[in-house]
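Trainee: Residue numbers (this note's numbering), protein chains in the order written: chain A, 1 to 335; chain B, 1 to 256.
In case anyone wonders, no lab produced these hints; they're calculated from the structure.
Please note that the accuracy of each hint is not assured.
[Said to hold, decoys possible] 25 angstroms max Cα-Cα, derived BS3-like pairs, lysine-lysine: (1) Lys294/A <-> Lys18/B; (2) Lys108/A <-> Lys131/A; (3) Lys18/B <-> Lys108/A; (4) Lys223/A <-> Lys294/A.
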Amino acid sequence: MDAIRVDELTKDFGTVTAVDDLSFAVEQGEVFGLLGPNGAGKSTLINMLVTLLGPTTGTARVNGHDITEERGDVRDSLGIVFQEPAVDEELTGAENLAFHARLYGKPKAEREQRISEVLELVGLADEADNKVGSYSGGMQRRLEIGRGLMHEPAVLFLDEPTTGLDARTRRDMWEYIQRLNEESGVTIIITTHYMDEADFLCERVAIMDQGEIVAIDSPEGLKDSLGGDVVTLGLDGPANEFVDRLGDRPWVRERDRTDEGIAITLEHGTTRVVDLVRLADETGTTITSVDLEKPSLENVFLSLTGSALTEREADEPAAESVSDEQSSRTARAKQ
Amino acid sequence: MSLIDPRGIYGLWLRDVKRFLRTPSQIIGSLIFPLVFLVLLGFGLGGGAIPGLPEGVAYLQYLVPGIIGFTMLLGASIAGISILSDQDVGFLKEILVAPVSRTSIVLGRIAGGSTTAIVQAVLILAISIPLGFELAGWLSLPLAAVFLVLIAVTFVGFGIALASQFSDSEGFSLIVQFVIFPLFVLSGAIVPIDGLPEAVQPLAYINPLTYGVDGLRAALVGTSTYSLGVNFGALVVSSVVMVGLGAYLFERVEAV
């Protein structure tokens with residue numbers, strides 16, 4: 001059983017379609033990222049999955065339960081950390097957790113045990129009896145993550161968990177989330193508009209734009225889809241043979257001569273540098289410098305959303321190609 | 001997810017009570033307004049100019065149950081505001097995403113809001129005694145408690161129903177001012193309903209607070225317009241209606 005299965009899910013707000021016919025699945029134990037700019041539909045999707053919003057059409061299953069017909073079971077199966085902080089600052093950390101545990105029907109003994117476990121887990125045991133209003137932003141976030149785990153959910157949703165945190169705290173939070181996934185095996189769905197966050201944390205990433213998923217793959221796979229890494233070599237001496245023989249190599253996608261050398265687009269640049277050096281040796285070409293540039297999710301994102309958008313505008317008359325592109329995207333998203 | 005979830009209701013109630021006890025400024029602040037009314041009206045007017053007052057009842061005696069009813073209205077409006085401020089700070093989502101029925105959430109909030117409103121009302125009653133208010137007898141207190149609970153449930157339910165129609169606490173606070181005072185004045189709290197202009201008298205008869213204040217007066221002072229049974233029956237009906245309305249409207253609240 002998939003942790004999440006989304007089936008032709010759509011949400012309209014009046015004339016605006018915030019989530020447009022999405023279908024995808026998330027495996028159990030996976031850390032799955034939803035990446036997209038503000039307004040891409042990430043939060044609307046999450047809100048539907050956690051039963052705060054009803055879908056217009058289509059449906060989804062969380063931990064095997066239907067989000068419209070088995071809301072109670074869905075709510076039992078999930079924990080969520082909202083984009084905006086949602087703690088009661090007048091209550092202490094332990095009291096916030098106790099409140100949560102009561103809403104989730106935990107009897108006293110189990111409640112008290114879970115509270116101390118969770119506080120230990122998120123490193124707030126010493127702060128348990130202080131009002132949450134006195135916590136730092138990072139501590140409040142940790143408390144919320146701990147609270148999301150109180151009732152041992154199968155799926156934990158983290159909606160922009162590090163927005164508003166400083167760089168250091170963000171980094172700690174990432175490591176913390178990663179450890180959590182490894183230790184407890186909970187499936188984690190994380191939305192973010194930080195590329196580095198998705199790259200660091202997620203096993204697979206869905207890139208959302210205007211309510212659609214435009215690509216879904218591992219961060220590596222997405223980056224590879226751009227055409228791969230770019231190795232720029234500085235070359236000295238006659239290099240024609242080197243360049244010609246490069247063309248025979250199946251792993252070379254593109255090669256462009258530059259003034260001082262050559263820029264080669266290829267897969268798995270780090271492992272191919274050795275082959276490049278060997279080939280240069282064989283052909284008697286001297287390499288004076290090596291530069292390896294890996295594409296970031298940033299590049300992927302721009303190429304999938306940004307340039308697509310300009311294409312649409314530029315190719316106004318060629319409507320066919322646009323719709324082709326869109327249908328292929330939808331097809332990809334449905335995989 | 002059962003309709004009535006006692007543990008969830010208790011959790012919501014406990015939270016409201018803890019928050020209330022931790023903000024003494026709010027407790028004191030909520031008493032100032034009713035006290036000002038009590039002192040100004042009770043000692044300023046002195047009863048001389050009030051038409052239709054029951055025979056042999058001092059104006060202060062007449063007024064205190066009315067001021068207690070007013071305190072309950074203020075307490076109920078705070079319960080409505082607290083739901084909206086939960087929404088403002090995002091905490092409402094934490095509640096709505098839990099496996100607790102909306103009916104239980106409304107019942108929990110009513111329990112919490114009623115408790116704090118009743119505590120405020122009891123404080124006003126306690127303060128009014130050194131100011132000269134005379135209880136009909138100590139046995140009148142349990143009877144008054146019954147009416148306090150019914151008034152609280154009615155108006156906290158009303159506050160929640162009204163709050164569900166607003167998206168932020170500011171708009172609600174503004175409207176509440178315009179709702180509380182008509183409810184207060186048109187309840188026989190300050191002047192008997194017979195002394196009100198005839199045109200607005202029908203409004204007083206459909207105002208649940210009329211029966212609440214009259215019931216309190218019967219319990220605390222020993223004088224009333226209607227029988228205890230009529231007051232009790234009217235308040236039970238209004239409580240049920242308001243809880244139902246609150247649950248019905250709150251069911252439709254989307255937190256996002």
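Trainee: Each hint needs a verdict: does it hold in this structure or not?
Mentor: Hint check:
no. : hint                  : result
1   : Lys294/A <-> Lys18/B  : violated (55 angstroms)
2   : Lys108/A <-> Lys131/A : holds (21 angstroms)
3   : Lys18/B <-> Lys108/A  : holds (18 angstroms)
4   : Lys223/A <-> Lys294/A : holds (8 angstroms)
Of the hints listed earlier, the one the structure fails to meet is number 1.
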